[in-house]
Structures are given as structure tokens and as C-alpha cells.
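**Student:** Listed below are the residues making up each chain.
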Amino acid sequence: MTAGWAGPPGHQDESHRALESLIRATHAELGRIAYRCLGNMADAEDAIQNACVKLMRSWPKVEGLATGAQQRAYLVTTVTNEALQIRRQPRRERELLAQGLLSAEQMDLGWMPDFPGGSGQAAREQLRRVWKAISELPEENREVMALRAAGYEYREIAEMLDIAVSTVGSHVSSARKRLRLIAGDDWEEGPA
Amino acid sequence: MSEQSPVGFRDILDWLHEQGKRRAEAVPEFDVEKTLGLVFAVRDADTDARAGSAGAAVLSGPAAAVSAELRRLREQAGLTYRDLADGARYSLSTVAAACGGRRLPTWAVTHACVAACGGDVDAMRGLYGQALAAGVRRGRSSDHERPASGWGALTPTERKVAYLVAAGQSNPDIAAGLYLSRNTVQTHVSHILAKLGARSRAEILSEAARHPQADPDNGRAL
Numbered sequence: 004m005t006a007g008w009a010g011p012p013g014h015q016d017e018s019h020r021a022l023e024s025l026i027r028a029t030h031a032e033l034g035r036i037a038y039r040c041l042g043n044m045a046d047a048e049d050a051i052q053n054a055c056v057k058l059m060r061s062w063p064k065v066e067g068l069a070t071g072a073q074q075r076a077y078l079v080t081t082v083t084n085e086a087l088q089i090r091r092q093p094r095r096e097r098e099l100l101a102q103g104l105l106s107a108e109q110m111d112l113g114w115m116p117d118f119p120g121g122s123g124q125a126a127r128e129q130l131r132r133v134w135k136a137i138s139e140l141p142e143e144n145r146e147v148m149a150l151r152a153a154g155y156e157y158r159e160i161a162e163m164l165d166i167a168v169s170t171v172g173s174h175v176s177s178a179r180k181r182l183r184l185i186a187g188d189d190w191e192e193g194p195a
Numbered sequence: 054m055s056e057q058s059p060v061g062f063r064d065i066l067d068w069l070h071e072q073g074k075r076r077a078e079a080v081p082e083f084d085v086e087k088t089l090g091l092v093f094a095v096r097d098a099d100t101d102a103r104a105g106s107a108g109a110a111v112l113s114g115p116a117a118a119v120s121a122e123l124r125r126l127r128e129q130a131g132l133t134y135r136d137l138a139d140g141a142r143y144s145l146s147t148v149a150a151a152c153g154g155r156r157l158p159t160w161a162v163t164h165a166c167v168a169a170c171g172g173d174v175d176a177m178r179g180l181y182g183q184a185l186a187a188g189v190r191r192g193r194s195s196d197h198e199r200p201a202s203g204w205g206a207l208t209p210t211e212r213k214v215a216y217l218v219a220a221g222q223s224n225p226d227i228a229a230g231l232y233l234s235r236n237t238v239q240t241h242v243s244h245i246l247a248k249l250g251a252r253s254r255a256e257i258l259s260e261a262a263r264h265p266q267a268d269p270d271n272g273r274a275l
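If you read the protein sequences in the order shown, they are chains W and R. The first sequence begins at 4 in the numbering used here and counts up by one. The second sequence begins at 54 in the numbering used here and counts up by one.
In isolation and in its complexed conformation, chain R is listed as follows (with noise of 0.2 angstroms):
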């Protein structure tokens, strides 16, 4: 192996230029909703921080008491901020027992989470799929209303996922082939089962083959 670098700056800021366009032509579509709601749970948590209020302002009802819960349990557990967004997580049993079965729109599991972590994006990001995978389910949300349980509740990317255990991949193999992280294919696993009221990857092959698959091309980058 040679020291010397394979390529130049000048080559790789021209390939980089064509890889761009030609990136163009397949960009997926990003839900401006998720954005949205999460862009005014910040400002509620700003909002509240600067008032001193905990959450308490904006939120109330299950919210409120999940967020509490989720906040306590945090400190109880000692982790920051930093922590949460470096991938630490809470006993996902301890949180599946304070908050498991409340149902919650959508927005209010976003704000719960947002409020908990003091308005930090990044610790929210680690939050958030931990608090979905501890039973703090989302409730139907008027743009993607859904089934609750069945192959039907599941969302794209689960199918997809879904899909691809079917087909024997392993856990690892999911999240490269998708380029998702472990993390969160467990948590598309762990809802997959969920929805399907299935025990083990053995069951989501069964349902998976009652429902052949439309579009054979499952190994795209999502």
C-alpha cells in the first residue's frame, strides 16, 4: 500500500460535482411535517425554558406526565443532554412501564420528547425512537392515517424492513444495506412485531408472504 494519497482535491471536487447531479435525479421526499412539528416542539421547550416551567406550559394531559417521566427519569439515570445524543440509553423496561400504552398524537410524542430534553435536537433524536420503542405509541395523525395493528399499519420503511427479514437478513445486514443504524432498524423491528402482533422473525415471514412484495427493489438506500 502506498503513503501517497490515491487521488487529488481537483479530481475528487469534479467527481464530487457529477455525483451531486446525478444525485439529483433520485432525491427522496422529506415529510415537511415531522420538520415542522418538530421545529415548534423546540420553540414550545425554548419557551418554556426561558419561563422556568419544566414543560409545564405548553404541555399538558399525557404529554405533560410522559415528559415529566421521561425528564425524571433521565436524572435519575444521570445522563446529560450529550448522552441522550451519543446514543445512551434509559432501561427501555423502566420507561416502557412509566409511559407504556399511553397513546399520543404524533406532535405530542415529539413535543414530550423535545420538552425532556430541554430543547436539544440531537438528544431528542436519541430519545424519541426509544420512547416509541418503550410503548409510547403514536396516535393517528390526520395526514397518515393508518390502521393500528396488521400489515396495513405498517409504514413503508417498516415494509421495506419487514421485507428484508423475510428474506433471513440479519439486523446488521438491514442497516447496511439500507444505510440506517442498528438502532434504528431495531426499533423498525420492534414496531414490526408490534403492528403484527408477531413473536418472532419466523411470524413476519408468514405475514410477509400473504402479502407478496410490489416493488422488488428493497435494497435502495431509504
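With the rest of the complex left out, here is chain W (with noise of 0.2 angstroms):
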């Protein structure tokens, strides 16, 4: 009894042992994921939560998936996903915004000292347009895009998604060029 959730007794299926179990093994890792995505440990906590609601609503299809890699990648993707979603939120910044509890530079910067275009209005609003951009890609380089972008190596996103090394390297070159041509004259530096 220890080993299992401490939830009401007698209530746990076999199903849904195997959903437990399968979160207790990837629940770590998803949250360096959405750590390192997001940077404070509030919206990390939120997206690990909410993936695994999202698994457990579609557990009857993901527990067909035919390997563990499988269940882990659709795990991995997920809490993705909801990591670009809460970085699209803006209501936790303007609730904090609106009280006066946090400046502009400390909502965004404050866990980002060295951002290279300094701490401006400019520079944030610029920051919040990547993201935003990167959430808005196709499905399918979408991933391996944020997960590119929360510090992960070609290596290390194959092993996640369940995909082959030389795949990454192709979804993150298209989603770069796709970036490219959202961002336009905003690709390159601008001028000083």
C-alpha cells in the first residue's frame, strides 16, 4: 500500500495501474522538460499536471501504443505542448502586472539576466514573439522546435520523441526556415 497512490482504497483498476506507473517513471523527466522550458517551478508543476490529465483522459488510446518509448514520446509531446500553451498565457503576467507586484522587466527577465537584447519593452515583447512563434509551427517540428529551444541536443530529442537523429535534424531546419519567414526583417539582428 505504500508503493500506490494514497487515493480512496479499492479504486484503482488495472488500467490504471499501468497509467500510474507509467507516470511515476517519465514524471522526473517531464518535469526537467517543463522546467526548462519555462523557467519557475509554479508553470513547470501546472504543465507537468495538466499533460497527465490529458494522458489520462486518452489513456484507452495511448495504452495501445505498441512500446514504452511510444507512451513516453506521447508523454514528452504533451507536456510540451503545454508548456508553449502557458507561455502563451498571458494571465498570470497581467493579474501580477496589474497589481503593480511585478516590473515588466522582472515578469519575463527576471530569471533571464543576460538576455542579449537587454530588458526593454522591446526586447520583451520580442521574446514573447519566438515563443509564440514556435507554438504556432506545424505539429510536427513544433516539439522537437521547443524542446531545441529549452536547451536539448539532436541526440537527446531523438530519444524522447522516439525518432531518428537525422529526423530532428531536418524538423529543426525547417522549423527554422519557417521561423525565418514569420520573423522577416526581425531574423537578423537589428540595427543598434
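Treat the hints as calculated values from the structure; they're not laboratory data. Mixed in with the good hints, there may be bad ones.
Here are the simulated lysine-lysine pairs, DSS-like style, with alpha carbons at most 27 angstroms apart [said to hold, decoys possible]: (1) W/K180 / R/K74; (2) R/K74 / W/K64; (3) R/K74 / W/K135; (4) W/K180 / W/K135; (5) W/K57 / W/K135; (6) W/K64 / R/K87.
Work from the hints to combine the two standalone chains into their complex.
**Tutor:** The structure is reproduced here in C-alpha cells:
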């Protein structure tokens, strides 16, 4: 009983025990991904929880996947997308800014002291635009690009998503091409 | 101020990559039990919603009562789940009167809140802190055994907040320093006051002074 979830007794069927073990096995990794994307614990925790709730709701489908690696890839993809979703939400930020609790600089850049564009309004806006653009990439290269932005190497991404390293490379380059189109003049550094 | 963006996408992408790598060295630990508790609470709420039983199929005893009470209060106040997710508050004194003093295991508080929100996770997050603040106390959980009161009852985060309060910081300062919302800080402070049996921030200070801080690195993000 100590190993299991401390919930109401007699409420765990066989299939959900498998769900529980998958979450236990991947939880730390999901935490790393979410934290590397989001940079703070509260948001990362929300991303993990949302991803696991999604997993539970689509469990009949995911359970049918052939291998454990595919199930894990599903979760990695989901948590990455949840992190992107949270990145887009202006809600938390708006609330804090409106209450005057945080200055605009602290909000996005408090944990990014060495942002190359400095700490002005324009730099912050630009950073937000980059994340927004990533979240609007086509599904097949969105997660790859987000994981790349979270500091993962091709080899690691390939392993996490259960795809070939060369596939990761081609996703990254097509994603960058697309981001370049979206960015237009903003791709290269602006005039000093 | 130039209207031009000061830095290009390409440089930002490269910088994000480096930043992510650096963050990997200091990833905090996330509580898997908390995640599982939420996941299964949502599953049960979904089951109930399908059965049209408003929490009755799974919850029993005080958890069911708390859930029903929270649900009733929400409807009475005319709040939608969206409102809760956006931070709309029940009247805390009303919730306290309805639920105060009950002692539930952690999972049951989660279940009660999720059921009261019909499985809407964002709304549940808005409600959970309120339920705790209103006196729906979490009971002993096998994983985190702590005394019920006194300094030893504080969670690591509460302790961190307590030291900041003792250092004379205001809630907004603490929120900014720890990257928390002010509501979260308020919740922590109210738990600290309750656990220490303190009635003022000054009393937190005197209690903190009796328990010197081992780790002075208290300005870090949680």
C-alpha cells in the first residue's frame, strides 16, 4: 500500500495501475522539460499536471501504443505543448503586472538576466513573439523546436520522441526556415 | 527609444538553447504524488460527470460534504469555472463557516475541489488554495508526516516565506522575489500564522529568530 497512490481504497483498476507506473517513471523527466521551457516551478508544475490529466483522458488510446518508448514520447510531446500553451497565456502576467507586484522587467526577464536584447519593453515583446511563433509551428516540428529551445541536443530529442536523429535535424532546419519567414526583418539582429 | 526590435529571432533562439542547457543544472524536484492525486481526482470527477452524480459516486463522508458545499457556494455566487480559473474568490468567511475545522487527507481535499469544479483543472487550482485558506485542513499524509503545529509543521516553502516575512519583506516583495503570485504568498502566510498560532507578522519574526536559518540562500526562485 505504501508504494501506491494514497487515494481512496479500492479504486485502482489494472489499466490505471499501468497509467500510474508510466507517470511515476516519466515524472522527473517531464519536470525537467517543463522547467527548462518555463523557467519557474509553479508554471512547470501546472504543465506537468495538465499533461498527465490529458494522458489520463486519452489513456485508452495511449495504452494501445506498441511500445513504452512511444507512450513516453506521447507524454513528452504533450508536456512540451502544455508548456508552450502556458508560455502564451498572458493571464498570470497580466494579473501580477496589474497589481503592480512585478515590474515588466522582473516578469519575463527576472530569471533571464543576460538576455541579449537587454530588458526593455521591445526586447520582452520580441521574446514573447519567438515563443508564440514556435507554438504556431506545424505539429510535426513544433515539439522538436520547443525542445531545442529548452536546450536539448538532437540526440536527446531523438531519444525522447522515439525518432531518428536525422529526423530531428530536418525538423529543426525546416522549423528554423519557417520561423525565418515569420520573423521577416526580425530574423537578423536589428540596427544597434 | 527605437521602434526597432533590439534583437533578432535567430539570436533569441540560440540564447534560449543555451539558457535551457544552463537551467538543466538546477531543476527542482516535482512531487509525483501531487500529480497522481490530481490525475485520479479528475478521473473520478469525469466518472461522476458521466454518471450525472455530482461527486456522489466516488466521494464519501466529509470530502463529499466539502465538495457539495463548495459546489453550492459557487452556484450561489453565480461563479463559472472560468471565473474560478481567473482567480475569482468565494467569500472566504462563507467557505470557512461551511467547511472550517474539517480535517481531510490531502487526496480528499484535492478530490473535493476537483469534484466541485467538475474536473476543470484550472478552476480547481483557483479553488484549492481557497479551500485550504478557509480552514479545510489537510490531514496526515503518509508521505509527508509533519507535526500539526509549531515551526516543525511548516513546509519548506512556508519556512522560506516565514524567513522573508521575518526579514521585514512585504507580500508583494516576497511574491516578486520567489516568482509566486500574491495570492499564493497570502495563502502561505495564512498557513504560517495558523501553524504557529501567531496573530501578527511580528510573532512570525520572534518564532523565526528561535529557529536560525540553515540555508541563507532564500532569494532563489522556488
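**Student:** None of the hints should be skipped; say for each whether it holds.
**Tutor:** Here is what the structure says about each hint:
1. W/K180 / R/K74: Within the cut-off at roughly 23 angstroms; holds.
2. R/K74 / W/K64: Violated - the C-alpha atoms of W/K64 and R/K74 are around 33 angstroms apart, more than 27 angstroms.
3. R/K74 / W/K135: Answer holds: R/K74 to W/K135 is near 21 angstroms, not above 27 angstroms.
4. W/K180 / W/K135: Within the cut-off at roughly 16 angstroms; holds.
5. W/K57 / W/K135: The hint holds at about 22 angstroms.
6. W/K64 / R/K87: holds (24 angstroms)
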